[in-house]
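Visitor: Sequence:
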Amino acid sequence: MSKFHDEFDQKVWSVVSSIPGGQVMGYGEVARAAGFPRYSRMVSSAMSRSPEPLPWYRVVKSDRTLAFEQGSESYREQAQLLKQEGVRFEGKKIVAQPRGDNLDKILWGPQD
DNA sequence: CCCTTGACTATCT
DNA sequence: GAGATAGCCAAGG
Numbered sequence: 041m042s043k044f045h046d047e048f049d050q051k052v053w054s055v056v057s058s059i060p061g062g063q064v065m066g067y068g069e070v071a072r073a074a075g076f077p078r079y080s081r082m083v084s085s086a087m088s089r090s091p092e093p094l095p096w097y098r099v100v101k102s103d104r105t106l107a108f109e110q111g112s113e114s115y116r117e118q119a120q121l122l123k124q125e126g127v128r129f130e131g132k133k134i135v136a137q138p139r140g141d142n143l144d145k146i147l148w149g150p151q152d
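Just so we're aligned, residue 41 is where the first sequence starts under our numbering, counting upward by one.
The hints are simulated quantities; they were obtained by calculation from the structure and are not laboratory data. Owing to the predicted nature of the structure, the values given are computational and were not obtained by experimental measurement. Careful, some of the hints might be misleading.
Unchecked claim - Quick list of in silico lysine to aspartate or glutamate cross-link-like pairs, DMTMM-like style, CA-CA up to 20 angstroms:
| id | residue 1 | residue 2 |
| --- | --- | --- |
| 1 | K132 | E92 |
| 2 | K51 | E109 |
| 3 | K123 | E109 |
As the list claims (entries may be wrong) - With beta-carbon atoms standing in for the labels, derived distance ranges:
| id | residue 1 | residue 2 | range |
| --- | --- | --- | --- |
| 4 | S112 | R89 | 17 to 23 angstroms |
| 5 | S85 | Y115 | 27 to 33 angstroms |
| 6 | E47 | E130 | 34 to 40 angstroms |
| 7 | D46 | Q110 | 21 to 27 angstroms |
| 8 | F108 | A136 | 32 to 38 angstroms |
| 9 | S102 | R128 | 14 to 20 angstroms |
| 10 | G131 | P91 | 32 to 38 angstroms |
| 11 | E47 | A136 | 28 to 34 angstroms |
Note that beta-carbon positions come from the ideal geometry of N, C-alpha and C, so glycine has one too.
Please build the complete structure, drawing on both the sequences and the hints.
Guide: Put into structure tokens, the structure is as follows:
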């Protein structure tokens, strides 16, 4: 196929699958980490092309909100999967990961 | 080749 | 904080 994918896709998949549960990364961050700065808009398509399931829901916009339209099916799905891992929201924005206590959140749920 | 479309981002008002 | 604007870049019509 020799499209621009080959390496880009591989790197993106690698980066995304390495995001720890309970944490999120921005599209731009993923692109940079993959070695392709300014390719934020390509990240989503790369994830879609992944042959195996990826923690795609751990990738969010740079302002820490979800990329899908609020109320859409995808939006709710992503939000639910994230909350399931202990990620908390402040309205539409994701609360900055306070500590590495994600595991606790998953096992015990948000206490506060 | 031109135009449009995205799971985008940074900057300005 | 929300909307507008301008970059960004591959894909598909």
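Visitor: Against each hint, give a clear statement of whether it holds in the structure.
Guide: Each hint tested on the structure:
Between K132 and E92 the alpha-carbon distance is near 29 angstroms, which puts this suggested pair outside the 20 angstroms criterion. Proximity of K51 to E109 is assessed by CA-CA distance (about 27 angstroms); at most 20 angstroms being required, the pair is judged violated. Pair hint K123 plus E109 holds up; C-alpha atoms about 18 angstroms apart against a cutoff of 20 angstroms. The hinted window of 17 to 23 angstroms between S112 and R89 holds, with their beta carbons roughly 21 angstroms apart.
Between S85 and Y115 the Cβ separation comes to about 19 angstroms, which falls outside the hinted range of 27 to 33 angstroms. Taking 34 to 40 angstroms as the suggested C-beta distance range, the pair E47 and E130 conforms, at roughly 37 angstroms. For the pair D46 and Q110, the supplied restraint of 21 to 27 angstroms is violated, since their beta-carbon distance comes to about 35 angstroms. Against the hinted window of 32 to 38 angstroms, the Cβ-Cβ separation of F108 and A136 comes to about 21 angstroms, which falls outside the hint.
With their beta carbons about 19 angstroms apart, S102 and R128 fall inside the hinted range of 14 to 20 angstroms. About 36 angstroms separates the C-beta atoms of G131 and P91, a value consistent with the hinted range of 32 to 38 angstroms. In this structure, E47 and A136 meet the distance hint of 28 to 34 angstroms, their C-beta atoms being roughly 32 angstroms apart.
When the structure is compared with the earlier hints, violations turn up for hints 1, 2, 5, 7 and 8 and for no others.
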